[in-house]
Amino acid sequence: DQQVKQNSPSLSVQEGRISILNCDYTNSMFDYFLWYKKYPAEGPTFLISISSIKDKNEDGRFTVFLNKSAKHLSLHIVPSQPGDSAVYFCAASGLIQGAQKLVFGQGTRLTINP
Amino acid sequence: DAGITQSPRHKVTETGTPVTLRCHQTENHRYMYWYRQDPGHGLRLIHYSYGVKDTDKGEVSDGYSVSRSKTEDFLLTLESATSSQTSVYFCAIRQGGEQYFGPGTRLTVT
Chain A
3 DQQVKQNSPS LSVQEGRISI LNCDYTNSMF DYFLWYKKYP AEGPTFLISI SSIKDKNEDG
63 RFTVFLNKSA KHLSLHIVPS QPGDSAVYFC AASGLIQGAQ KLVFGQGTRL TINP
Chain B
605 DAGITQSPRH KVTETGTPVT LRCHQTENHR YMYWYRQDPG HGLRLIHYSY GVKDTDKGEV
665 SDGYSVSRSK TEDFLLTLES ATSSQTSVYF CAIRQGGEQY FGPGTRLTVT
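Residue numbers (the working numbering), protein chains in the order written: chain A, 3 to 116; chain B, 605 to 714.
Bound conformation, chain A alone (with noise of 0.2 Å):
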């Protein structure tokens, strides 16, 4: 089962403006969130986590929201550039099976028009 879903394959953005990358998650002992961005070729990088105990997190142009109730989370990137054009993997972290575990989403592909 995947207990970590990003629905959404794809997503076109035009520069300047918001882009909004959803993802939903089903365990609710998941008390860590993490986003990270991957462009070809390379090694995915951290981007943005929030707690369990927090509903928002911002660091600069991104913002991470988190619903509980709800099981799910956002990334918010405004205004959006053409270098944040990449994969974007959310991730939650939890105890699974006695260990500290990360479990990934499918992934989204943002891709930034001029």
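This list has only true hints and no planted wrong ones.
Capping the alpha-carbon separation at 20 Å, the derived lysine-lysine pairs in PhoX-like fashion look like this: (1) B:Lys661 - B:Lys674; (2) A:Lys56 - A:Lys70; (3) B:Lys674 - B:Lys657; (4) A:Lys73 - A:Lys103; (5) A:Lys103 - B:Lys661; (6) B:Lys657 - A:Lys103.
Since the hints were made in silico from the structure, they are not lab data.
Position chain B relative to chain A; hints supplied.
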């Protein structure tokens, strides 16, 4: 930059041959992980290590083994490669609540 390197970066091998991928870190992190990335699946955990000689299975461990004889190196071995193991493999370390990834190894099994 978490000081993680992976070797080789690219490899093509034939079905049935053994393959070993290496992950090397320079910052003495205790936890290390091996993931594979496939279209439509995101990153899936193969094995992880919580110390020298301490390893455990992840979500997709069948057909893979690992070893960690020293802190800085975490090896992933495919004992007999199959076409279903064609993938991009990423190593990661844990620092705080986050994981940081190496550049990846693209493995093709023909």
